[in-house]
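*Asks:* Chains as they are written, first to last, in my numbering: chain G, 1 to 319; chain C, 320 to 421.
Misleading hints may appear alongside valid ones.
[Unchecked claim] Quick look at which bits of chain G chain C covers, simulated, 3 or more residues with Cβ under 8 Å:
1) 33-43
2) 87-94
3) 309-317
Hint data in this document are derived by calculation from the structure and do not stem from the laboratory.
Idealized CB from N, CA, C, for every residue including glycine.
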Amino acid sequence: MTSPADLSLVGREFSPEEAQFNDLIAEDSRIEPRDWMPDAYRKTLIRQISQHAHSEIIGMQPESNWISRAPSLKRKAILIAKVQDEAGHGLYLYSAAQTLGISREEMTDQLLEGKAKYSSIFNYTTPTWADMGSIGWLVDGAAIANQVPLCRASYGPYGRAMVRICKEESFHQRQGFEILLELMQGTEEQRRMAQESVNRWYWPALMMFGPPDDESPNSTQSMAWKIKRFSNDELRQRFVGMLVPQAEVLGVTLPDPNLKWNEEKQAYDMSEIDWDEFHEVIAGRGPANAERMRRRREAHENGAWVREAAAAYARKQAA
Amino acid sequence: MMSTPGETGTEAWPLWEVFVRANRGLSHVHVGSLHAPDADMAVRNARDLYTRRNEGVSIWVVPADAITTSDPDAKGAFFESPAGKNYRHAVYYTKSEGVKHL
Chain G
1 MTSPADLSLV
11 GREFSPEEAQ
21 FNDLIAEDSR
31 IEPRDWMPDA
41 YRKTLIRQIS
51 QHAHSEIIGM
61 QPESNWISRA
71 PSLKRKAILI
81 AKVQDEAGHG
91 LYLYSAAQTL
101 GISREEMTDQ
111 LLEGKAKYSS
121 IFNYTTPTWA
131 DMGSIGWLVD
141 GAAIANQVPL
151 CRASYGPYGR
161 AMVRICKEES
171 FHQRQGFEIL
181 LELMQGTEEQ
191 RRMAQESVNR
201 WYWPALMMFG
211 PPDDESPNST
221 QSMAWKIKRF
231 SNDELRQRFV
241 GMLVPQAEVL
251 GVTLPDPNLK
261 WNEEKQAYDM
271 SEIDWDEFHE
281 VIAGRGPANA
291 ERMRRRREAH
301 ENGAWVREAA
311 AAYARKQAA
Chain C
320 MMSTPGETGT
330 EAWPLWEVFV
340 RANRGLSHVH
350 VGSLHAPDAD
360 MAVRNARDLY
370 TRRNEGVSIW
380 VVPADAITTS
390 DPDAKGAFFE
400 SPAGKNYRHA
410 VYYTKSEGVK
420 HL
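Same shape as in the complex, but just chain C:
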């Protein structure tokens, strides 16, 4: 398990991942990262860097080393469980074709 790419732990200012909510009713979406000495400055820097053109109404910043990611080398095995389970998708059920509102 590891933090997000780019975090080294050796720089004067730590790395933060930035998430922006574009509008009410939408989730915060990852937009990029930046360096800042603390959380307050990270939010301010994120505003200046990622919302210069009304791209958002809300910002989250998260220290990159506080994020745990899945192991990229295990992607096959880790995400295997849905494979072969196409009955979890509506398109698996074809007998109802032509029947309305189904």
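Chain G with its partners taken away, still in its complex shape:
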């Protein structure tokens, strides 16, 4: 008999369905929607996938801010395509969450009522064009580092949604890198704009991996369930390792005076993250929390007549 994937079962006999669930997890197979699963597994997934979906939807806002002011038609077209991708990612994820028994409307309501969270990175503002570069390079870069292992998440529909998302994200990161590279090859003022933007986004991007491992109480269970494959700190460390050579190509400085290769650890030493800031933003007191929610609610209300009219038209056609 395999050891139980659900840690609350350690030390007792399992029912046949619990045993089957544990075996599927142990053999790295996938759990599919109609399989039996522990309630806590279902709840964890609903929370994680819907938060992820909300993040994609709210995540359209900081960038849509620059669509009308992109510096060229090419950049405008790219930015529109990217924001459209984020909407698509939100929809893939809402669909995946729905297979667990929650309706789209319930999830939307949870977001609008402020009961559901979304990634706190989207509560930062985008005052300059260079922020489009930093979001692509750092924010989407961190998202990719987080999401690639999720393609192997034990819940089938989540993993499949993540495969589609990861394929599309790599364009996002490269276009951001290119924006920064062009600025860094420009005038003194443009280089300064790029560097200031990297200074703004570097630490918030590292916070995207979540609290340090010893303060991340749900991680152990999520890893036993094989929803999560690597710890927050492992992924953060891996990401920093990728950024350092990329920053050299760009010619930007990563804003951490203590960032240094540690031969012994075979990893980078870095400064302590300002976790107070992280907790403040999560608690709703970030630079743009209120603005993001206000716009999301407004968009939902303004779209109500479209949703109702389309449903009424469909009913009339069917009658």
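Please build the complex by placing chain C on the supplied structure of chain G, with the hints as guidance.
*Replies:* Leaving out everything else, chain C in the frame of chain G:
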């Protein structure tokens, strides 16, 4: 018997399952689901959601509640019939090993 996972019948717009044919000569393959008020809108939404990068040349949409699935709890019994019938596979016949074009 039941419809596909995710269909609740309680939402303003029903759920549709989407199938995309990647290229001529291939079958339509399930790619995911979406909400839409009617079939026309479902096809348009599917184009925008699932074929933004030339992923397909043809799309099918099916209302999720029109699909009947096998009972997931009966999977053992329901799919039992092929078990023990390995003579249905070519590898069962080993005496012809080494003989060409067989």
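*Asks:* Evaluate each hint against the coordinates.
*Replies:* We went through each hint and held it up to the structure:
1. 33-43: holds (count 3)
2. 87-94: holds (count 3)
3. 309-317: holds (count 5)
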